[in-house]
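Construct all of the structure, not just a fragment, from the sequences and the given hints.
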Amino acid sequence: MSLQALAAFALLGAINTFVASRVNSQVTDAYMDEPFHVPQAQAYCEGRYLHWDPKLTTPPGLYIVSNALLWPLGLLSGWSPLHTWCSMNLLRFTNLMFSPVLFWVLYRLSRTLHRREQPAAHALNALALSLFPVGYFFNFLYYTDTGSVTLVLLSYLFSLSGWHGSSALVAAFSLFFRQTNAVWIAFIAALAIIRRLSEFDKKTGNVQQLVNTPASRTKPIDIAHALAEAIRLVFAHPLAVVRTALPYALVLASFAAFIVWNGGIVLGDKSNHVAVTHIPQLFYFICFAVGFSAPHTLLSWRRLQDTLQSIRRRPVVFTIAVAAMIGLVHRFTYEHPFILSDNRHFTFYLWRRVFRLHPVVKYALTPAYAVAAVHWWRAMARSQSFIWCLGFVVALVLALVPSPLIEFRYFILPFVLYRLHLPLASTRTLAIETGMYLAVNAGTIGLFLLRPFRWASEPNAWQRFMW
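Number 120 in our numbering belongs to position 120 of the sequence shown; there are no gaps in the numbering.
What the hints contain is simulated information worked out from the structure, not anything from laboratory work. Even for Gly, the Cβ is constructed at its ideal location relative to N, Cα and C. Hints are supplied without guarantee of correctness; some may be wrong.
The calculated label-pair distances, taken between Cβ atoms and stated as ranges, are [what the hints assert, rightly or not]: (1) 350 / 456: 18 to 28 Å; (2) 54 / 115: 46 to 56 Å; (3) 238 / 80: 50 to 60 Å; (4) 77 / 333: 45 to 55 Å; (5) 18 / 350: 21 to 31 Å; (6) 7 / 305: 34 to 44 Å; (7) 330 / 7: 47 to 57 Å; (8) 39 / 367: 31 to 41 Å; (9) 260 / 314: 22 to 32 Å; (10) 260 / 64: 38 to 48 Å; (11) 275 / 119: 37 to 47 Å; (12) 237 / 25: 52 to 62 Å.
Take a look at the structure:
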């Protein structure tokens, strides 16, 4: 890493150390989902690998990592009482260990995706995304999110480097953290295959154009020619395609076999995780992504003008889109029982104070969704190819739409992928973004630590606000 990256890495480590010490000193009891995760991890520490809490819905990847990291400590302590070497704080620490790995992966991805930029920009880019508020918050609790995101991004990095076997191996392990990662593995695999085909496209250049030309400059006829050429190249170079696709195909086939064996994608309690067609999830994510990428998009007057001009050029199309979105909001909005049954999550207040303010509110927001969608798409299409944008949208639909629950944690991975692929901004813009994320983190983590409250039903336990 460059000197700038090492400095950013050290700063991240210092912030992590401070926040972790405060969280562990003030949140001394397992919180929110930790009462399920911590005992399960401790059962693994005790060697009870066949024990499983049926309320857990995600596989045991995090517990396996914690067990591997803490086992030497247990050995050195002579297998002293469990609370000395497999305590909740040490389990949280094993989760926090993913944070520096994530920084390194983000830094390498930044350098891979934006080769011409200066080292300082890559360092700030990695630091900003490491501090992305929703993801950063869960570094300090015993949750699966940081490990899940780190492994998928590491798989993507290996794939971009042409190490498809290693990419698939890491991708397979990511499924032990979150099952919906299968969608992003398929996305990574599809991109790898298209990149491989483009290497053989010496004759027409159509596939290379589809891979290298931004979506905003790609015409429908170009897409048709490229797809026809891609199909021809698949049959012309079947072994090369198989060598690229096979590692990912084995992972996805194994996962499909697991779904058949398990009777669904969810482990444990399936009753509260029934798949639906929750299309407004896409609208919520787009607004979320536009908001958190504001320094790159909303603070640029030129890009705002570009969005507004695009809408003015096609007023009929925009009006039809808004009307269609109103219909989708009416038909496919879901209010999961969890969202209004737990006042510790920010989504509780968002839903109760905005969406439930009046029945018309959810429809009144659709023009804003439409404007945000245009802005979001144009930001992405200026720098990424049509095939990348299409694949990302398909993966986004498959990852988010089936979930009936609005959960900001589900937005972490798609947001980081989206943000990584925006053009790398100036160091000034990246510094503004880093400052914005630090301010949000200070607010949310400060609220979590300093404003606890009690429920009448549980007078002896502190409750805390969180994402």
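Hints and how they fare:
{"no.": "1", "hint": "350 / 456: 18 to 28 Å", "result": "holds (24 Å)"}
{"no.": "2", "hint": "54 / 115: 46 to 56 Å", "result": "holds (49 Å)"}
{"no.": "3", "hint": "238 / 80: 50 to 60 Å", "result": "holds (58 Å)"}
{"no.": "4", "hint": "77 / 333: 45 to 55 Å", "result": "holds (53 Å)"}
{"no.": "5", "hint": "18 / 350: 21 to 31 Å", "result": "holds (29 Å)"}
{"no.": "6", "hint": "7 / 305: 34 to 44 Å", "result": "holds (36 Å)"}
{"no.": "7", "hint": "330 / 7: 47 to 57 Å", "result": "holds (51 Å)"}
{"no.": "8", "hint": "39 / 367: 31 to 41 Å", "result": "violated (48 Å)"}
{"no.": "9", "hint": "260 / 314: 22 to 32 Å", "result": "violated (45 Å)"}
{"no.": "10", "hint": "260 / 64: 38 to 48 Å", "result": "violated (23 Å)"}
{"no.": "11", "hint": "275 / 119: 37 to 47 Å", "result": "holds (44 Å)"}
{"no.": "12", "hint": "237 / 25: 52 to 62 Å", "result": "holds (59 Å)"}
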